[in-house]
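Produce the entire structure from the sequences given, and follow the hints as far as they go.
Chain by chain, the residues:
4 protein chains.
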Amino acid sequence: MPDYKAILNTIYQEAIKAKDKGIVASYIPELAHVDVTNFGIHLKTYNHGSFSVGDFNKKFSIQSISKALALAEAIELIGDAVWNRVTVEPSGHPFNQLALLEIENGIPRNPLINAGAIVIADILVSNLKNPKQDFLNYVRGLANDNTINYNKAVANSEKITGYKNFAAANLLKSFKNLNNPVDEVLDFYFHQCAIEMTCSQLSDAFFMFSNNGICIQNKQHITDRQVKRINALMLTCGFYDEAGEFAFKVGLPGKSGVGGGIVALLPDKFVITTWAPGLNKKGNSKLGMLALEQFTTQTKQSIF
Amino acid sequence: MPDYKAILNTIYQEAIKAKDKGIVASYIPELAHVDVTNFGIHLKTYNHGSFSVGDFNKKFSIQSISKALALAEAIELIGDAVWNRVTVEPSGHPFNQLALLEIENGIPRNPLINAGAIVIADILVSNLKNPKQDFLNYVRGLANDNTINYNKAVANSEKITGYKNFAAANLLKSFKNLNNPVDEVLDFYFHQCAIEMTCSQLSDAFFMFSNNGICIQNKQHITDRQVKRINALMLTCGFYDEAGEFAFKVGLPGKSGVGGGIVALLPDKFVITTWAPGLNKKGNSKLGMLALEQFTTQTKQSIF
Amino acid sequence: MPDYKAILNTIYQEAIKAKDKGIVASYIPELAHVDVTNFGIHLKTYNHGSFSVGDFNKKFSIQSISKALALAEAIELIGDAVWNRVTVEPSGHPFNQLALLEIENGIPRNPLINAGAIVIADILVSNLKNPKQDFLNYVRGLANDNTINYNKAVANSEKITGYKNFAAANLLKSFKNLNNPVDEVLDFYFHQCAIEMTCSQLSDAFFMFSNNGICIQNKQHITDRQVKRINALMLTCGFYDEAGEFAFKVGLPGKSGVGGGIVALLPDKFVITTWAPGLNKKGNSKLGMLALEQFTTQTKQSIF
Amino acid sequence: MPDYKAILNTIYQEAIKAKDKGIVASYIPELAHVDVTNFGIHLKTYNHGSFSVGDFNKKFSIQSISKALALAEAIELIGDAVWNRVTVEPSGHPFNQLALLEIENGIPRNPLINAGAIVIADILVSNLKNPKQDFLNYVRGLANDNTINYNKAVANSEKITGYKNFAAANLLKSFKNLNNPVDEVLDFYFHQCAIEMTCSQLSDAFFMFSNNGICIQNKQHITDRQVKRINALMLTCGFYDEAGEFAFKVGLPGKSGVGGGIVALLPDKFVITTWAPGLNKKGNSKLGMLALEQFTTQTKQSIF
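Chains as they are written, first to last, in the working numbering: chain A, 541 to 844; chain B, 541 to 844; chain C, 541 to 844; chain D, 541 to 844.
It is possible that part of the hints are untrue.
One copy or any two copies: either way a pair holds, since identical chains are not told apart in the list.
[Unchecked claim] DMTMM-like cross-link-like pairs, simulated, lysine to aspartate or glutamate; straight-line CA separation at most 20 Å:
#	residue 1	residue 2
1	K545	D575
2	K545	E616
3	K704	E644
4	K821	E644
5	K669	E736
If you're looking for bench data, these hints aren't it; they were derived computationally from the structure.
As the structure is a computational prediction, the values presented were derived from the model and not from experiment.
Pasting the structure below:
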């Protein structure tokens, strides 16, 4: 077993020295105020306990990281029927996302781009009794922590400014790939993205993906095969237009969010979560990417 | 002077024999009920009076024909400032309209495609005191007819089903090319499209475009140069993806709508309006296209 | 009749004062050497003789202007069968020309963009016995001038650097919309573009388009209807991504080339040719555009 | 250790029963003649020897599988300078490949799509003394087998019909991302694709990718880090528009070719090669995909 404690400390000390810490996302006004110097790492291993450093216990907005959790619940609810409404291939260029949706007749390329995640949100709205409360409970259950909550101000902030998501949802609706009203689906979606969690809570919640679908409360949520599907999707599509770069540099399935969080995992081995709110040009956490690259390099633990 | 009366009659008799009258637009539910056998023509000449045949006096939904009238009022209100927010070039392919808007950073290609017309609607909402009433009055003034009105059921029908327009408006908003709330602009836009007029009322309202900007009430609304701009736009962009075909076959500036209307004009000569609700595959009135082609062929009066 | 002589002189004197004369095209090395101060205008009227000013008698590379002449000959040879292989609609954005060709399965949008002109060249190569010589003779016949010739250095220069045209031709070939070998078609095409003519020779050659298909030697080359088709195409597609602008500002069907020439015409009235090698950002002659705008404004003679 | 022998036999017996064996690629005429009933599997493990079944010892055209080998040699020759000319991200949709290349200014998305592989071929042509012979020797060296050779008829067949590749190469040239003449680069590229190998030879040649860059002759060709890059690329981009599907169903880095071959590997564990010339709709070997999915399912050995 690598000396995880020492490795995390070294990585942390090295990373916080970086002069250029990236830029905090400003398109969601509420997120623009976050202090760029925050930086935390949390590692949850399969057999050897947990390790952490820095701001691993501060809450932050999980944003797109929630897409993996929502996808898991949608699969738990309706199984492979999910794939009738969204495919599983990388989407290529981000700037023509709506173009691709038009060309492909309203079937999003994968559930981790916004259009695809909105379809997943629609599935949850259709299949949950109290969608927002039920999804929150799902995440709380995965992390075994009832203090997890939505940040209503962030959800509201995005509702007021998220025109591209309204455009995508209406386009999906025009192709009949949205069953519920646009406003209802996006209200759910903006809340889903506005969940606040700490690094350690995220490591706990994602543990299921490294453990064949069994969560930390020992409940089997999805099958082995379904987990494999989600992990494959995170590897090929989890990092916007930087998925190829992440697959190479880090070599782990994972998901990032514009709040600056990244969760990555090695099946049967560990889950690691980083949080540093400064983003690189592709929208992924700058220090987080550096830390994860160092982690898999120094521990020699990656899928490749 | 050609024998307009005889020519219109011949064209009319010929056209109504057509077995394939096209298909009535069904995407706006309220429009789906219109009888496909309606067919009217109205010609208003510069010096020689008016001529008409068939259902020229029945009201129909002018739909996209309204875009030319809204553009005229926007130009009358803010002049060339219009061109800061929309360009004047043909848009090519209809199926990637949102794609084009994404690539060109939210500046629609021209004011006669939907995205461009929504920008024009936004300008009117910003510059009119009571936008819907004022625009209606503007059209009534052009046609000198206060009986012209909105069909609220049609406007509402489109509001409920016009997801692509909501997608476009939100995309414009994300590029900061929409100053008013999406719902307000689209409410105006759907009303604008839901005006009902007869062939003869449309010939009257469009007379200004053939008369250097002076309407039938002898008021100078826009300048000579501004009219030329609008006519050039109608010629190059007035018929969806069939502008080139119309320019060739008919050879007149004009504008069509999915309600089955077409207005075309020859500067200093005439305005001609046709209405037949069956559409061809490109979304233009099938009998209307045939009738106009025959008209310019038989009268030898076109711009080419 | 307007005082054409005085008008041309005024326009000429005004235009040559322009400090910014545009930039001479440099992508074809042989064309980069042309002196940017060249400027000529030639007007050929229907009934009132010809008028000219400046460098109207100097030869220049006609480049894309040749596309209208090649199209005319293709139509003369095989008639409407031309339209099985190329459509007649504006192409919208220039930067995704190959994209559009891919999406539309190898059928170019119109015969005046490069891909479409290459298809026309293929038709001529298939239907002429000695394609290069025969086409040259055709142009000589239209202008009644046997001194017109190819500039071999320019044709060769483009053959060595015209990679985008090779890309387009191979893409057409992959869609089976090119019957002859790529090299043979492009050799013809590069020669076609490398014809050198003066303003007055071009006015003579294009006279047919303003005269119902009858050339200055009084031969009927194409029908009235076929001329109308070509004029409509020149109006909607003759100026790259500035067709809408030209339709408005000048209001005449016409065709420009990167050699700095522009030919425009008013049916039954006149042909006017300008040459000034400095181009604007859209690739059209800067002084030529200005001169033609002035011409139709001052003479009040345009199609709108 | 799983009972590889039994597993391969079961998979083989199951797969050959399939009534729909896919369709043999016909766009390269020489490949159209291959018998669709061919089917072979070869497994080369790290510590436990090799296993094989069926037509594992028949030669077939490796086609796009060669892209991984060419990339390895390019990296061996010029290192990370490769990434100045091609990026590492999935390309999304295949049908707008040229479009993407236009939009991204001639920098292909990754070295495993055709445009990217042509850039790699250009690098090899620039950096090898006798490109075709040297590359052949490189592959022979990796597999330790001097009988490996080009099939000249296949190379020639593609040269005559590969118009899309000529289009891509010329487009690259127009963006100055091709240093050598188009014909020379494509001659090399068509030969590279026309190498013939057996399943067992391919397993040997790809062993390096599962062994940290050290080939079966114990020579370190590329570094550990460089291997990781290539494996990440094969996982995210190795299967045309089916990379996401393969990552999920098989869960191994790999590369397929239209000749019907697929090579996949698990670092430090094994290389497995299948050959069945019938392709599915996405262009990947139908039986090969099925066999590999069964293999990783039954052995529980994949990266996820």
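For each hint, the structure was consulted:
In the homo-oligomer, the alpha carbons of K545 and D575 never lie at most 20 Å apart, since the shortest distance is 26 Å inside one protomer and 58 Å across protomers. Within a single copy, K545 and E616 get their C-alpha atoms no closer than 35 Å, and across copies no closer than 36 Å, so neither meets the 20 Å cut-off. In the homo-oligomer, the alpha carbons of K704 and E644 lie at most 20 Å apart both inside one protomer (18 Å) and across protomers (15 Å), since each shortest distance falls under that limit. In the homo-oligomer, the alpha carbons of K821 and E644 lie at most 20 Å apart only across protomers (16 Å), although the nearest pairing inside one protomer, at 27 Å, exceeds that limit.
For a Cα distance limit of 20 Å, the shortest separation of K669 from E736 qualifies neither inside one copy, at 22 Å, nor across copies, at 44 Å.
Checked against the numbered hints listed earlier, the structure breaks hints 1, 2 and 5; every other hint is satisfied.
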